[in-house]
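Once you've looked at the hints, dock chain E against the given chain C.
2 protein chains.
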Amino acid sequence: MSHNSMILNLFFFNPQGDYRFSWRHPDAPEHEVFTLSYYTTLARKAEAATLDALFIADHTGIWDSGLAHYANARLEPLTLLSALAAVTDNIGLMATASTSYTEPYNLARYFASLDFLSNGRASWNIVTSWLEEEAANFGLDQIPQHSNRYQRAGEFIDVVTRLWDSWDDGALLFDKPRGLFADADKVHHLNHRGDFFKVRGPLNVPRPPQGHPVLVQAGSSEAGKQLAASRADMHFVFIKSIEQGKAYREEMNQRLNALGRSPEDFKIIAGVLPVVVNSETEKAERQQLNAALMSDRMAIDLLSAYLKLDLSPYPHDEPLPPLPDEANFDGIRTTLQLIRDYDPALTILELGRLLLQSSDSWLVMGTAQEVADTLAEIYLSGAADGFNLMFPLLPGDFDRFAEQVVPVLKAKGVMKTEYAPGTLREKLGLPLAKNHFA
Amino acid sequence: MSHNSMILNLFFFNPQGDYRFSWRHPDAPEHEVFTLSYYTTLARKAEAATLDALFIADHTGIWDSGLAHYANARLEPLTLLSALAAVTDNIGLMATASTSYTEPYNLARYFASLDFLSNGRASWNIVTSWLEEEAANFGLDQIPQHSNRYQRAGEFIDVVTRLWDSWDDGALLFDKPRGLFADADKVHHLNHRGDFFKVRGPLNVPRPPQGHPVLVQAGSSEAGKQLAASRADMHFVFIKSIEQGKAYREEMNQRLNALGRSPEDFKIIAGVLPVVVNSETEKAERQQLNAALMSDRMAIDLLSAYLKLDLSPYPHDEPLPPLPDEANFDGIRTTLQLIRDYDPALTILELGRLLLQSSDSWLVMGTAQEVADTLAEIYLSGAADGFNLMFPLLPGDFDRFAEQVVPVLKAKGVMKTEYAPGTLREKLGLPLAKNHFA
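Going down the list, the sequences are from chains C and E.
Each residue of the first sequence is one higher than the one before, counting from 1 in UniProt numbering.
Each residue of the second sequence is one higher than the one before, counting from 1 in UniProt numbering.
I should point out that these hints are in silico values taken from the structure, not numbers from a laboratory.
Certain hints may be false.
[As the list claims (entries may be wrong)] With a cut-off of at most 20 Å between alpha-carbon atoms, the simulated DMTMM-like pairs for lysine to aspartate or glutamate come out as follows:
#	chain 1	residue 1	chain 2	residue 2
1	E	198	C	132
2	E	186	C	133
3	E	225	E	265
Next up, chain C with everything else stripped away, as it sits in the complex (with noise of 0.2 Å):
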């Protein structure tokens, strides 16, 4: 791997940053979220700093713990990605949809067609949804068990990229002399019947610019390891050190061998918090600032739906009760372990606010410059390909660090000056998507 392909990506959910206060933050946005302008300009500022993707979260609800507080509302991802695509040239468009809730053929069809209008940027950041205000949305009492949810999302993504391919790349003639629009022999019945899914095919758009859009999978249970080991382009990972970067590597790199893999075809990208911040009375202001705009009942929700868990009724001045097991736990498996691994003498108060602050992710702050050593230094020991980059604030941080910690990270040679040309598969250096059919 070159040393000047840091992978960098604009993430976000909340449009106003990632933390749930963030849109108290007296210069967040308001109304101007639900247009397609303010999406615009994040985009080709992002563009203009070379950054490599738009990587836009999802539920397929609303978080509606504390709906007064903070509702997550916003757009839906495939729609305004596709927006993105006409006012954009380079960067990829990710765009989160979940296996639960969709059906493949149609989830096919959007990101194929997502690919064409963006001349292969698309790619799909791959769930399989955690919450019960989700699973309420259609049709169930409860979510599905995590194993259950996994093993539809494996058929899943096997059916979708088998559609991908369903056209071969040469299946279009347009010989109008003989008749001959495609070559039927060059154009696949999937005729796949599964334990989840009974398909025919073929799709009825031909094979997108990329062969496959560039596959993307957090989540980092055993079940989800493996999903991401077996079918995925991209990891995307919280992690808390080098240290435990560079073994969660070394992990990925064995299940990818034995599944006959290369790891450099695998991209790992960490979430981390950039915050600029040029001198210590800053730092200070901004953790006062934070500290003044959460509340507690955030964070007690917060923590709640993480651990799926009412902690409303527990003393809040006291440590967590004991946690769920693991094994029947079907929240996200990987902030469940995470959780574990805080100071257990902690109250439910102190973690819930700590969590309100960080999410999962590794918060670096400091000056364009410690900012900058901090990402590099990651990069360069193995720990990431790249980052998920979560402002806390938009778009007030990604603004600060387009400006301030780009021109250094390109400065110190970790990060392309311009795009390589081609789609976005191409400019990962990921390998050609293999036909199935072929």
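The following block gives chain E in isolation, referenced to the frame of chain C:
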């Protein structure tokens, strides 16, 4: 109704034009139909001509009888129109989506998001899907019964509109000092439990700019007409004469009145195939070209698909075998009826070739003046509020229409010369969408 408000939509399904053989025309586009720039050019021309909307038909499968000769591969409407939202300002964006193979929560989000991205220009063309090829992509051995599909569609629309209503217009507070993002009393759970769906809500997108994106419905079976009268803003029909249109309008008015709705709030749009030819010689050449481009195979395939009956073993120089009984017919009942209305002495091949050139639509061929006169006459008679313009050849027939017919329509005072302000709903003179939770 004012007389200068004829509604005109640029309609397409095949990106090369409405005929199955359109792609064979010497000037027909080839690979460019899979690029955004092809549609951007069309959309901008349509907006320059002050057309009301882009109307994109769709199937959730490929119509793959005779795949080699006619393969309707194309981009997906929601993603395509989201991209076009970014490069247009006024034109409506009508996307077809099926109630049979999607989930209401997902569709409600896509359309609400498109409505925000386009500043209130989204519209949903509601279809129930009738092709076996579609059913087979969604786990079914055969398509659901006609009555079942329409029952599901009714409930589906009710859930989607209530999801759009689940945030009151004033629900977003952004009260930063008090930490109140939303007024929780103005965000509603549906707790819907019906025959087909169980959906909790609320949506995770606030109420869209139009309240409800404009609802369009095509399909003139008894169930289709009742669905349209009870829930649609716009109804897409096929008529072949002014008398037929006026009788249809009268029937729909009675249905609307019986439901307590005002006929002015319900726009009827007829499908027409407008072709500008500037001399009898050009007309003859056009007809000869059509005859040369179509094939017997396409004709038999089309008629077989419409009748859900493989006609290939029947003698093609004899009339049709007995037609299916409408009451048990799960295809397009409107089309079945149109086929019944043709001269029963026509042979299978003759009828197939006729359908191949006309779809179900009124062919309006003549000089620009003649085309404009015919459209004005239909419109002023009250037989239709406007037209879905189904150009046989794209972009050529549309370019000629925009350059030659549109100025005549404007000079005649039957077409607006500039866009009205506001959302698509307002531009079309449709009433505000009431909030179910109000």
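Inset, instruction - With a cut-off of 20 Å on the C-alpha distance, tell me whether residue 198 of chain E and residue 132 of chain C pass. - result: Distance of about 14 Å is within 20 Å: holds.
Inset, instruction - Below or equal to 20 Å on CA atoms is what counts here, so check residue 186 of chain E against residue 133 of chain C. - result: holds, 18 Å
Legend entry - Given hint residue 265 of chain E paired with residue 225 of chain E - CA-CA distance at most 20 Å: Answer holds: residue 225 of chain E to residue 265 of chain E is near 15 Å, not above 20 Å.
In summary, this structure violates none of the numbered hints.
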